[in-house]
Structure formats: C-alpha cells, structure tokens
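Trainee: The listed protein sequences correspond, in order, to chains L and P. Each step along the first sequence adds one to the number in the numbering used here, with nothing skipped, and position 246 is 246. Each step along the second sequence adds one to the number in the numbering used here, with nothing skipped, and position 391 is 391.
Careful: at least some of the hints might be erroneous.
With a cut-off of at most 30 angstroms between alpha-carbon atoms, the simulated DSSO-like pairs for lysine-lysine come out as follows [said to hold, decoys possible]:
id, chain 1, residue 1, chain 2, residue 2
1, P, Lys362, P, Lys218
2, P, Lys218, P, Lys194
3, P, Lys37, L, Lys70
4, P, Lys191, P, Lys472
5, P, Lys194, L, Lys67
6, P, Lys37, P, Lys15
7, P, Lys183, P, Lys37
8, P, Lys15, L, Lys70
9, P, Lys183, L, Lys67
10, L, Lys159, L, Lys170
11, P, Lys25, P, Lys122
12, P, Lys6, P, Lys37
The following label-pair restraints were derived from C-beta to C-beta distances [claimed, not checked]:
id, chain 1, residue 1, chain 2, residue 2, range
13, L, Thr47, P, Ala63, 29 to 39 angstroms
14, L, Trp71, P, Phe124, 24 to 34 angstroms
15, L, Pro34, P, Lys126, 52 to 62 angstroms
16, P, Lys25, L, Trp71, 20 to 30 angstroms
17, P, Lys25, L, Ile23, 34 to 44 angstroms
18, P, Val496, L, Val59, 45 to 55 angstroms
19, P, Val496, L, Thr47, 53 to 63 angstroms
Quick partial rundown of chain P residues pointing at chain L, CB under 7 angstroms, derived from the structure [said to hold, decoys possible]:
id, residue
20, Cys82
21, Gly83
22, Gly129
23, Tyr157
24, Phe160
25, Ser323
26, Arg383
In case anyone wonders, no lab produced these hints; they're calculated from the structure. Ideal placement from N, C-alpha and C gives every residue a C-beta, glycine not left out.
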Amino acid sequence: MSLVSILYALLFYFAAAVLCVGILLRIRLYAHTPQPLKIPTTPAPATRAGVVMRMVREVVFFQSLFKGCKWTWLFGWIFHFALLLVLIRHLRYFIEPIWAWIVIMQPWGVYAGFAMLAGLAGLWIRRIAVDRVRYISTPSDHLMLLLLIGIAGSGLLMKYVWPTDIIALKVFFLGLLSFDWQPLAPDPLLLLHLALTATLMIVFPFSKLLHAPGFFFSPTRNQTDNPRERRHLNTWATEPDTGSRP
Amino acid sequence: MAQAYKTEFDTPEIKEYPLIPHIRKGAMEHSKPFVAKAQHQESLGFPGELVDNWQQVALAKMAELLGKYRSIRVFLDTCVKCGACTDKCHYYLGTADPKNMPAARQDLLRNVYRRYFTLAGKLFPKLVGAVELTEEVLQDWYRYYHQCSECRRCSVYCPFGIDTAELTMAGREILASVGVGQKYSNEIITKVQKIGNNLGLPEPALANTLENLEEEIKDDTGVDVRLPLDEKGAEVLLVTPSADFFAEPHVDGLMGYAKVFHQAGISWTLSSYASEAANFGIFIGNYDNMQKLAQRVRDAALELGVRRIIVGECGHAWRVAYSFWNTLIGPFDFLDPDYPVPQHICEFSYDLIQRNALKFDKTANDHRILTFHDSCNVARASRMGNMPGGQFVIPREIIRASCNHFHDMSPETIHEHTFCCGGGGGLLTDDLVELRVKGALPRMEALQQVVDEFGVTHMAAICAICKSQFSKVFPYYGFDMDMVISVHQLLGDALVLGETH
C-alpha cells in the first residue's frame, strides 16, 4: 500500500464523515429552530398536499427561479440536472453488481458531464459579466464554480483523453466501503479529480451549498396558507393576557 | 441633534420600456430616516440612545433572533448569490444603489453573521465576505434597512424563497435594541399604545369626525347612513387604518364601507380603543410590540361583544390580521365561527355582490377609467376568499361590479409580481421623500403605459399607505394626485342606496 493510497483512503473517510455529520447537524438545527409566524409567500397552497406539490415544482423545475431570471434558470437547471445524471452514473463505482437502470443511464451520464460544464460556464460568465451579480459575488462564489468546473473537467479528461484504470479505482472504493483497503493508482488526473471531490464534500456543510437542505426548511415555501383556519402556535410566545384592558 | 434630509433631487424619468439600471455605488448612501428620540425608544422597551457596548448587544440580539426565527437562520445560510433577485426591488430599479439589491441588502446582515456565527467566516473572512461589526456597518444597516418596504417581491423569485423582509425586520430590531430606532415608526407605535391610533386621534375627535361624515353622506345621497362608534352589541367590529378617518382619498373609502354595511343591514361599530388597523410593530420587526398592538383589537371585540371582526383597506395591516392575529391574539372562539376571522372588507362586500344583495348603478363611475394596484402585502403575504389568489380576484370583481371601464396594468407588474408603491414598511415619512419618489418609478412606468394606451384616469388601491404614498408622489411624475382612489369609494359611488336586504 502506497502512502498516497492511505492518504486518499483517510481523506475520503474524513470527507464522508464531515459531509454526513455536518449536514445532519445543520438539519437538526433548522428543524429545532421555531418559526413563530406564518409567512408563506402567497398565493400559496391552502393544503399540505398543495405545499408538497409546490416544493416538488421548486426542486424539479426551479419554478421560482424560472420566474426570476431565464438565463440563470437555464444554466442552473442544466447544471443541477446534469450533476444528478453524473452522480447516478458514478454509482457504478460503488456497487457490485451494477443495477440494470444504472447501466441504462451510463451514456446519458457521460453526455451530462459536458452539459454540466456548459451550465457552470454559463453561470460563471453571468457572474462576471452582469454587474449586479458581480457585485454580490464573494471570492468563495467564484471558487465554488472553479471547484465544480475542476471536478467536471478532470472527469471528462479521464474519460476521453487520459483514461485511468477504472477497474482498479472501483476496487479501491469497494475496499473503502468494506473496510478492506486496496491500493489506488497514482494517476495525477485521478488524484486531482478525487481531491477536488473530497474538498467539495468537506466544504458542503460550511458553505452556501447548504441551500440544498436549507430549501426544505424555507418557511415561505413550506408553509400552508391556512392561518385563519388553523391557529399556528409560536412556541416561545407568552400568551397575551386576555382582558388586559385598563 | 438636528436631523435633515435632502429635498432636492432628480425625479427618475419614465422610460418607454423599463430598463434595469447599471449599479451606481453609494447612490443612496445619504438616505436615512430620522432617529427616534429617547422617549420613543424607551416607550417601546428599547434603550434611549446608542448603548456603549452596542457591538456586544447587537451580536447578542442577533444570536437571540437566530434561535427564535427559523426564517432568519435558513435565509442567512442558503443564499447562493444567483442574482435572480437583483433586478426585482423597486428601490434598486429607482435608485441603482447596489445595496438596494435584495441579496446585497441581506448581505449587510449575512456578512456579520458569517464573521461571528459560522466556521468559514471565522477562519476565512475575506474568502466568504465576512465582516466585523463596525460603526460603518451599523450605519449601513440603518441606511439600507430603511430602504426596504418589506414588500416581499424578491421572495417570489428567489429559488429558496428567501424573504428580505424577514432580514430587514431583524436588522431593524437589532438597531432598535442597541438604541437607534426609527423616529417615524416608534412615534406611531407609542401613539397607538397611548391613544389607540396612528394619528393620536382621541375618542371625542373621532366621534366628531364620524358625525361629520354621516352628514356628508346625508347631503350627498339623502340617506341616513350611520358610522357608529363604540356601540356595544353590534354584529361587526370594523378595524380600519386611521387614515380612513380623515385623509384623502381614504375617507371616501370609509364612507363606502358604511354604505355597504347600511345596505347589507348589518349592525357594525368602530372602536375608539382599537381605532387602528395598521400595526407598525411588524415594521420594526418586534414581536412583543406587534402583539401588544394587536391585543387592543381582541380586547375591543370582547368588550363590545361583537360576533365578527372586519378589517378595512390596508396592506401590511391585512398581513398582520390575516396571517398573524390568530397566532398573536387568538383563538377567536368567542366570535361567530361561520365567518372567517378576520374578514377583509373586500371579502365582505364581494360576498354580498355574489349573493346579489347589492344593487349598482355603474354609470356613476363612467367618468372614470380604472386600473388597479395590487398592494404588496395583500398580494404576497396574505389572501382573500377561500382559494389561493383570491386577493387578486376579489378587489377586481368589486371594481368590475361598480365600474364599466377597467384595464389591468402590464402582467409583470400586477398580482404576485406587483410593485410596492414605494412608501410601505414604515417608510411613509417626509424624511424619506427622495427614496419614496424614486422607489415609485416601476409602478409609475406601468401606470403611464395604461394611461397612454387606455386613457386610464384613476388607479384604485386597497391600502392606506399606497393611497397616501401615491397622492404624494404622483405630482413628481406629472400625474394628478387625485388619480388614486379607494376600491370602496368606487363601490360606494355606484351603490344604489335604498331598501335594505
């Protein structure tokens, strides 16, 4: 076992732990923070089922963003949808035997890699070219795009230009999952791809990537518009003393 | 300390097609409202002037709010700076000051939050834009959290539903907590707590005003229409913004409500104790003050023994009433369960229209060509009727029932996309007149379009602030100040008074 193999094994255990524990802690914090008042952005559904549909439309189609800015919606949606396909495609490196539907998704996952790059490029161009978006951007906003472009770019280069020993990689990750460590090929492009991915996992719970779990706790989107029909209680309020009139 | 504001400024030009301006840094840096005097801070439970350890107090307050409001916690974490909101705020469109872009306005708090409450901000402040809470930051909070009307337009377009209004309220609450509250809102809240309404109109003056209005209706129509005050045992308690008692065009709306009650044959009363629907507690983001103001309505309803509560035309007031009252001062188990609590005056009138209980002579409004301004907090923070979007349908149906000529403004400026009038959220004060004029630009452009296209003569509204604000800013844009009109004035003018049903 080479030192690189050991380092990467430890890195991925660490990254996975930070990602999972970090997000879980954040979700717990959001869930335990009270929401004293009803603040859905109206018109809002008056039933729980309606709210679920509203959330689904947001998560699947980015409905609000579509109303807000067509270009950002286009690039953003392409990026996220492509990322989903790419992640699905990558499941094959962690599963043995590979499920049939993942095999079917394989070619789409590869095309999605290009779509992901295109979406990220569009988002970055907007971030730089539109003065308003440039103004609200911090260095981390640019770096986040760079990181994702690095991950997608290195992945595509391995697929099309400098292939790595993908069988050996799968052996490495299956080894990690079963705590039976196997060597990792010291292929520079692969090491870069994996290091960037681990970085993304570690950064996730401490950055704006929290928008993923955060969305589900957004009261303007997840509240039902029924304040007159059902009394919403504020857990920290002191009840008004009835009949306080002098 | 003498406080001054800019009275000379350029009114923005109405362009044929609305344009998104390029950013002009610092364009509205000089704009800030007068600071509250010590007495009006202390009356609301805040320190009279900037406390010595203000940084410590501000951060403690921020920590408290983060623990009390999921909205604040989630909204500060989730913004990805996608920019979808950046061209949505009427104050940005009217001033081009980048700190009036919703994401940038939120960042004033977020950057401090990151510095003191997040690992990334503590370790790499420059990287994530985290900043120390300095005096300059506090100044920026005071300036720019008073350039937001809490209209929620940005929250419509945000992919995560981030509502800048929540952060503006948090910002204002922190400001008041360290000793720098806003004069206009704090004075008004103090007046309501002492006297019962924003104007500080005591019971005898109110009674006198209502008597005069009864005479005016009698002179106009020959019919005895009552405007009762403090009448025990009435069926309905009407709570309406106090501007309805004297301001133009509001007062004509009040007479309209009275005519509807008269015609419906339903006994009703105003209350001198709860003679204010507006609740400025929401503006300063302070739950306790908001609850205290709302409590007067509950107390008055109990004291008068009414069966229903109806709220007059007012935007933020309707938000507090519709969305918050049940939480703040409920349950309303002492009221008639057959009617929604509270009910909007438009819901009440619409219901009568639906049941053919009102007769109209629409020609009474034939000299008017109407359009309708959706008030921001009715549109995006509340509802009317029993279906989502009823707040758009019901006022328009009332207008259509009373008028022959109605044209909507451009679709991207009405319904949930509506622009704030520019004076909401505690900004309807002369020390912010430049902001108010500039913030009205998007609505003025949409209005100009229907004036040119359809010859629109009047814009109807259902909010006391909208009505006052438009009366003030119309002349800056070359419109007549009388162009704004109450929905219930239109209804009142067309209503055929006679045998009650």
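Trainee: Now tell me if each hint is right for this structure.
Mentor: The hints, checked one at a time:
1. Lys362(P) <-> Lys218(P): 21 angstroms, holds
2. Lys218(P) <-> Lys194(P): 33 angstroms, violated
3. Lys37(P) <-> Lys70(L): Since the Cα atoms of Lys37(P) and Lys70(L) sit roughly 47 angstroms apart, the hinted pair is violated (cutoff 30 angstroms).
4. Lys191(P) <-> Lys472(P): 23 angstroms, holds
5. Lys194(P) <-> Lys67(L): Violated: Lys194(P) and Lys67(L) sit about 45 angstroms apart, past 30 angstroms.
6. Lys37(P) <-> Lys15(P): Roughly 41 angstroms separates the two Cα atoms, so the pair is violated.
7. Lys183(P) <-> Lys37(P): Status holds; Cα separation ~7 angstroms.
8. Lys15(P) <-> Lys70(L): 23 angstroms, holds
9. Lys183(P) <-> Lys67(L): Given that 30 angstroms is the threshold and the Cα spacing comes to 37 angstroms, the pair is violated.
10. Lys159(L) <-> Lys170(L): 15 angstroms, holds
11. Lys25(P) <-> Lys122(P): 27 angstroms, holds
12. Lys6(P) <-> Lys37(P): 20 angstroms, holds
13. Thr47(L) <-> Ala63(P): 29 to 39 angstroms: Because 36 angstroms falls inside the window, the suggested range holds.
14. Trp71(L) <-> Phe124(P): 24 to 34 angstroms: Since the Cβ atoms of Trp71(L) and Phe124(P) sit about 30 angstroms apart, the hinted range of 24 to 34 angstroms holds.
15. Pro34(L) <-> Lys126(P): 52 to 62 angstroms: 34 angstroms, violated
16. Lys25(P) <-> Trp71(L): 20 to 30 angstroms: 24 angstroms, holds
17. Lys25(P) <-> Ile23(L): 34 to 44 angstroms: Distance hint for Lys25(P), Ile23(L) holds at roughly 37 angstroms.
18. Val496(P) <-> Val59(L): 45 to 55 angstroms: 52 angstroms, holds
19. Val496(P) <-> Thr47(L): 53 to 63 angstroms: 40 angstroms, violated
20. Cys82: 5 angstroms, holds
21. Gly83: 4 angstroms, holds
22. Gly129: 4 angstroms, holds
23. Tyr157: 3 angstroms, holds
24. Phe160: 5 angstroms, holds
25. Ser323: 5 angstroms, holds
26. Arg383: Constraint on Arg383(P) satisfied, holds at 6 angstroms.
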